[in-house]
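Visitor: Residues per chain are reported as follows:
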Amino acid sequence: MATENAEHGGGGFAIDPMHQFEIKTLFPMQFGNIDASFTNSSLFMVLAAAAVIGLMLTGINRRAMVPGRLQSIVELSYEFIANMLRDNVGTAGLRFFPFVFTLFTFILACNLLGMIPYSFTVTSHIIVTFALAFFIFIGVTILGFAVHGVGFMKFFVPHGVPVYLLPLVVPIEVVSYLTRPISLSVRLFANMMAGHTVLKVFAGFVIALGSFGIAPGIVPLVFMVGLTGLEVLVAALQAYVFAILTCIYLNDALHMH
Amino acid sequence: MGVAFRLVTELVAGVFVGAAIGWVLDSWLGTRPWFLLVFFFIGAAAGILNVYRAARQIAASTERDAGGDQQG
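Keeping their order, the protein sequence lines are chains A and B.
The opening position of the first sequence corresponds to residue -5 in this note's numbering, with each subsequent residue numbered one higher.
The opening position of the second sequence corresponds to residue 340 in this note's numbering, with each subsequent residue numbered one higher.
Simulated from the structure, these hints should not be mistaken for lab results.
There is no bait here: all hints are sound.
Label pairs and their in silico Cβ distance ranges:
1. Ala209/A <-> Ala399/B: 47 to 55 Å
2. Ile201/A <-> Trp373/B: 50 to 58 Å
3. Val163/A <-> Ala399/B: 20 to 28 Å
Which residues of chain A face chain B? A few of them, derived with a C-beta cut under 7 Å, are:
4. Pro165
5. Val169
6. Ser170
7. Leu172
8. Thr173
9. Ile176
10. Ser177
11. Arg181
Here are some, though not all, of the chain A residues that point toward chain B, as calculated from beta-carbon distances under 8 Å:
12. Ile166
13. Val180
14. Asn185
15. Leu231
16. Val235
17. Ile242
Owing to the predicted nature of the structure, the values given are computational and were not obtained by experimental measurement.
Even for Gly, the Cβ is constructed at its ideal location relative to N, Cα and C.
Next comes chain A alone, as it looks inside the complex:
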């Protein structure tokens, strides 16, 4: 990608670290006025979903008493999410296990697929993460009203606040509630985009300094190896943070404060 771009730019080391985030249309599709083309982003979403489904199906295929490697991965991820729900939401939260599990594995697969060179990172676009966060927000709000009825409005009125402070406290609580989809989506998007941009910038250093000889090029390359490891960690960590915050929001909707 970098060399191709340098050729287009013509000017030696004109490497554009943002080039990797470009959306390319693979199959144009048009529904009325809506551009619903199948893009490289859609392709990697399909690949992520297929990777998760494939891993799960092959993992539980043999159903051995002593699990093999793949079966262990499936069992571990099941227990991981089940424990997360039990700890943060309680046993009532296990109803939402399929939802949180799908969310976690999909984001994890998208993040990890993005670590493969020449691939596309779906979660580095804010519209993708915002759509995920926004539907969680809507769903959790509907859940809150479905469980508590109008009483869910009490969520915005903290206990023990004097009546004359309510006009100030209630708007603060409402705005605080409305920030949830923003902070949830920005966190995932910013982490993925910043990480991948840093990787590209350092990769540019390797080429630029490498032209002065082997030794100056080795230094950023060593950094690259470390950063790549860190980026794999961030990919897993952000999927975990997204899932655990979903659990916390579910807990708020089910049990209020």
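Since the structure of chain A is provided, determine the placement of chain B on it from the hints.
Guide: Quick look at chain B alone, frame taken from chain A:
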């Protein structure tokens, strides 16, 4: 790093959402800049509240994990 970044996004999102609500209300009602001013500060307060809650939740979960390790 994850914790620090989480707190920063909570704060920024609070201010951003507050300002956005104020701006939209102003465009609807033609009262620029009053709602923007009011909701900017409400948003900042909400952001700080979110940071406080997130920090408490992180502290609680690390404490719980540490306790679990001692028991197990």
